[in-house]
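Asks: The chain contents come next:
Number of protein chains: 2
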Amino acid sequence: MHRFEFWYEFASTYSYPAAARIEELANTHGVTVSWQPFLLGPIFKQLGWSTSPFNLQHAKGRYMWHDVARSCQLIGLPPLKKPVPFPQNSLLAARVALTLPDESSRAQFSRSVYSAEFAEASNIEDPNVIAGILDRLGIPSADLLKRASGSETKDLLRAQVTRAEELGIFGAPTFVTFDEELFWGNDRLDDALKWETNICQ
Amino acid sequence: MHRFEFWYEFASTYSYPAAARIEELANTHGVTVSWQPFLLGPIFKQLGWSTSPFNLQHAKGRYMWHDVARSCQLIGLPPLKKPVPFPQNSLLAARVALTLPDESSRAQFSRSVYSAEFAEASNIEDPNVIAGILDRLGIPSADLLKRASGSETKDLLRAQVTRAEELGIFGAPTFVTFDEELFWGNDRLDDALKWETNICQ
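If you read the protein sequences in the order shown, they are chains A and B. If you use this note's numbering, the first sequence closes out at 1014, no skipped numbers anywhere. If you use this note's numbering, the second sequence closes out at 1014, no skipped numbers anywhere.
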């Protein structure tokens, strides 16, 4: 099976509906998803941005909240809530996601983090929130949280950010096909899957 | 017939494929398009930007040129060319578009300007380029170019920018439905038309 990579950032609003719908949509195309958590912070920092572009640009930010809510409603997600603060600090969630042993648990955990963040407005920086999510998924949280803060995971996450930069990623979600074509944005998931399918046939 | 507004900026890359495909797509939905040229420059200036965000953000700019070329190819447009300078100064083209007497000639003129700019890499700031386009469309260019530089047209264009800001527009293309829902981006044209159709039924 060829790789189809889903690059997502836990603080990213548009990554939330993408995470919610990607598995079902990929299945209909016969494509298996590789979940790739990363951090946008270091990439935005190089642009001189200290926060989300949606905070920096008022009109764009206002549109985005309206549009994400509309996009979530369209695919049957609960009413969107804006977490405080926004953007959330996504470091812990990204480290935990990378510590999980397989795609399936990473996907389940990631979807649950997005739900906590954007459907319940929970603070995903809080280790108790993350531990609660892991426990509900039947994953022993104490051991995992310990490993998530270890140097091995930190190195893995740094390598993810480096690889994202090498691929030319500048926003999330970004879909990377087998032949390293990039498609940026939740609204390009269909195009990306079509590209992947055409190549792999 | 309800209004479906297409807000476009002549310097905007993604407005080019949107202008090329909007009429046919709108027709299939039974929707009539209202062509609304405006300038993004004054809006970007308020954000402290002196040029296109695609010039300011290297990775995003590189992706954009690749993605626009890909999007143009998909709908059968000629190979994309990057005009020099980019972005082009779009003031003259916007003024001329606003001076044209009806939607049909505005649509034809606008599509021709985009083709000159992005398929032939012509400089659309050049009055000779604009005059050539008008002449090919059978529109007497001398009189029109004179009126385009008059105070009435300048006021019209300023009013367009003010209205764009009031609508919350921050980029191009933007589609505004009958009930003033905004959809930003060439890749959201289908969603916008679906919205318009659902409301008007």
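Keep in mind that the hints were calculated from the coordinates and are not lab data. Hints may contain errors.
Subject to a maximum C-alpha distance of 20 Å in a straight line, what follows is the list of computed EDC-like cross-link-like pairs (lysine to aspartate or glutamate) [claimed, not checked]:
{"#": "1", "chain 1": "A", "residue 1": "K873", "chain 2": "B", "residue 2": "E965"}
{"#": "2", "chain 1": "A", "residue 1": "K873", "chain 2": "B", "residue 2": "E979"}
{"#": "3", "chain 1": "B", "residue 1": "K1007", "chain 2": "B", "residue 2": "E994"}
Asks: Would the hint linking K1007 of chain B and E994 of chain B be met if the CA-CA limit is 20 Å?
Replies: holds, 12 Å
Asks: Given the hint that K873 of chain A pairs with E979 of chain B, test it: the Cα-Cα distance must not exceed 20 Å.
Replies: Holds: K873 of chain A and E979 of chain B sit about 13 Å apart, inside 20 Å.
Asks: CA of K873 of chain A to CA of E965 of chain B, is that 20 Å or under?
Replies: violated, 31 Å
Of the numbered hints stated above, the single one contradicted by the structure is hint 1.
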